[in-house]
Each structure stands twice: as structure tokens, then as C-alpha cells.
Amino acid sequence: MKGFAAKVAILLVTTITLIRPASAVVLETDPADYVALPQGVNLALLYYQHANSTAAYSSGNRVDQPFHVQSDIGIARFIHYGKLFGFTVTPQIILPFGSVRMSEPASLRSNGIGDPFVGSAIWLINDPASQRYLSLAAFVSLPLGTYDANQGGLNIGAHRWSEVTHLNYSQRVYGPLFLDVTGEFAFYSTNHDYAGQRYWQAPTFDLQTHLRYEIDSRTRVAFSYYHTAGGRTELDGNGASGSLSTDTYLVTFARFLTPTFQVQLQAGQDIHVSNGPKNKLRLNLRMAKAF
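Add 433 to a position in the sequence shown, counting from 1, and you land on the number used in our numbering.
The reader is advised that the hints may include incorrect statements.
[Claimed, not checked] Taking lysine to aspartate or glutamate pairs in the EDC-like style, the calculated list, with each CA pair at most 16 Å apart, reads:
| # | residue 1 | residue 2 |
| --- | --- | --- |
| 1 | Lys711 | Glu537 |
| 2 | Lys713 | Asp505 |
| 3 | Lys516 | Asp560 |
| 4 | Lys713 | Asp680 |
| 5 | Lys722 | Asp466 |
| 6 | Lys711 | Asp680 |
| 7 | Lys711 | Asp497 |
[Said to hold, decoys possible] Cβ pair distances, simulated, as ranges:
| # | residue 1 | residue 2 | range |
| --- | --- | --- | --- |
| 8 | Pro499 | Thr691 | 44 to 54 Å |
| 9 | Phe686 | Ile558 | 23 to 33 Å |
| 10 | Ser532 | Gln564 | 36 to 46 Å |
| 11 | Ala571 | Phe689 | 22 to 32 Å |
Everything labelled a hint here was simulated from the structure, so no lab data went into it.
The beta carbon of each residue, even a glycine, is placed where N, CA and C say it ideally should be.
Generate coordinates for the entire structure from the input sequences, incorporating the hints supplied.
Encoded structure:
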């Protein structure tokens with residue numbers, strides 16, 4: 434049982450990420466995230482995310498052992514919309530915190546803060562008149578989060594650096610229907626204290642798509658699809674887990690309760706997982722205040 438628990442923890446680290454423990458995506462986008470706001474606007478955002486997983490997979494096959502992991506994660510995020518050489522930019526900081534709990538096959542728990550991210554996006558195309566946007570973003574995580582080396586992958590912090598790049602294109606499809614597409618590339622430094630071993634992970638690649646319908650100026654609904662690939666792992670130079678191949682969907686309802694305060698609700702689950710936990714249920718809440 435102890436050997437299996439260690440194997441599960443190895444699988445977990447490839448899918449329980451710092452910013453979104455519910456997702457294989459490192460920095461998961463929401464609908465209209467890369468639609469630029471006017472210069473001088475500030476955004477304060479608070480997220481709550483719940484995920485429940487009752488199955489783990491290895492090489493596309495379900496691991497034949499009891500398994501249960503839950504996470505409750507909050508994220509505080511601050512964004513400033515400014516200008517740099519005539520281009521819109523968004524310097525920002527992202528700070529996750531919360532709890533990840535395993536009850537089967539072993540009892541493990543991690544509470545605290547995650548590794549903070551700092552970064553910015555820059556818009557190469559910012560055309561509100563035609564609703565076309567092209568942006569490039571880069572983020573770096575700092576290894577400052579809560580971390581217990583004895584728990585391997587079941588940690589809020591990851592004890593390593595990471596760099597995440599987003600390339601996004603957003604445009605109107607027809608009338609009130611819009612499409613947002615983001616490609617994500619992330620690479621990671623080595624964790625030299627992972628249950629007494631050296632943990633290495635290959636870069637991950639993600640496709641994040643959102644089809645959103647603007648019901649009116651205050652209300653939107655959306656369907657999102659995420660695909661993650663890459664991320665093969667090694668422990669002390671030996672293969673630990675194969676590459677990720679994860680497909681996830683979310684449905685979104687968002688509404689402005691006042692002209693500057695928006696509430697967003699999301700629900701979904703993993704459709705397919707090759708390696709790691711499969712999320713049976715995901716529930717997200719986001720509150721955003723512009724000032």
C-alpha cells in the first residue's frame with residue numbers, strides 16, 4: 434500500500450499544479466480573459482475552486498486501487514492595464530492558497546499558500562471596433578509556497594521554478610458569438626528534494642478554447658475545452674510517468690451585478706486522462722472588481 438501511495442503521489446505532481454490544483458493546465462484561462470480593457474483600469478479578482486477525483490490513471494488505464502483526492506483552492510489576483518511603447522500591457526501578480534487532501538490510498542494533506550506567479554501580457558492587436566485581439570503573455574512562478582518534501586506530489590507549493598507562455602487570439606464569430614483560443618507552453622526547473630529524490634518534468638503544451646455567447650452587455654454564457662500534452666516525468670533520471678494527455682470541459686455563466694463587479698460560475702469535469710487523477714467534478718467561482 435505504501436508503494437502504491439508513492440506511485441500515486443508521483444502521478445499527482447504532473448496534474449495538481451500550483452495555480453490550479455484541479456487542472457493539468459498551469460495557468461488556465463477563462464472566457465474573454467484576453468479581451469483588453471482600457472488603459473488605467475485595475476482588476477482585483479478572487480477565485481474559489483473545488484475539485485473531486487475518485488480515479489487515477491496510468492498509461493491510459495485506470496489504476497485498480499481505491500483513490501480519492503479533493504482540493505479547495507483560493508486565488509487572489511491583481512491586474513493593472515497600462516501602456517508600454519504604445520502597446521497595452523497587464524503587469525500582475527497571482528497568489529494561490531488553500532488545501533489539497535488525499536483520503537485513499539493513503540491519508541495526506543497539504544494546507545497553505547502556493548507559489549506566486551508574476552508576469553504580464555502584451556497586445557499585438559487590440560481592435561475593439563472589430564473585436565479582434567492578439568496577445569502574448571509570460572509568467573514566472575517563484576518557489577515560495579508551502580512544501581513538504583516527504584509528501585512528493587501532494588503539495589500546494591512545488592519547490593521549483595516554472596515559466597509559462599500564452600499566445601492568444603480572440604475575435605467575433607458572428608453577432609454575439611465569440612471565440613477565444615490560447616496556446617500555452619510551460620517549462621519547469623528541477624525539484625532536487627522530492628521525497629529524497631531529484632524530480633524532473635518535461636515541458637507541457639496546452640490548447641485552451643472558449644466559445645462564448647454575449648447575451649447582453651452584462652451577461653455571458655460559454656463552453657470551454659482544454660487539452661494538455663507533454664509533461665513526462667523522471668525521478669533520479671529514471672522514468673516515473675508517461676506524457677500527459679488530458680481533455681477537460683467547463684461551462685460558464687457570468688454576470689455583472691454592478692457596472693464594475695462581475696460574478697462568474699463554472700462547472701465541468703475531465704473527459705479523458707492518460708496519466709494522473711481524473712476529476713469527476715469541478716466547481717469554480719470567480720469575483721472580479723474593476724476600479
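Now the hints, each set against the structure:
Annotation: proposed proximity of lysine 711 to glutamate 537 holds, straight-line Cα distance about 14 Å (limit 16 Å). Our distance criterion of 16 Å between C-alpha atoms is met by lysine 713 and aspartate 505, whose separation comes to about 14 Å. With a C-alpha separation of about 15 Å, the suggested pair lysine 516 and aspartate 560 falls inside the 16 Å cut-off, and the hint holds. Only pairs whose Cα atoms come within 16 Å are accepted, and lysine 713 paired with aspartate 680 is accepted, the gap being roughly 12 Å.
For the hint linking lysine 722 to aspartate 466, the alpha-carbon distance of about 14 Å falls within 16 Å, and the restraint holds. Taken as a hint, the lysine 711 and aspartate 680 pair is honoured in the structure, with Cα atoms around 10 Å apart against an allowance of 16 Å. A threshold of 16 Å between alpha carbons decides the hint, and for lysine 711 with aspartate 497 the separation of about 14 Å falls inside it, so the pair holds. Between proline 499 and threonine 691 the CB atoms are about 47 Å apart, so this pair conforms to the stated range of 44 to 54 Å.
Between phenylalanine 686 and isoleucine 558 the Cβ separation comes to about 28 Å, which falls inside the hinted range of 23 to 33 Å. The hint said 36 to 46 Å for the Cβ distance between serine 532 and glutamine 564, and at roughly 40 Å that hint holds. Distance hint check: the CB atoms of alanine 571 and phenylalanine 689 are about 29 Å apart, consistent with the given range 22 to 32 Å.
Hint check: no violations occur; every hint is consistent with the structure.
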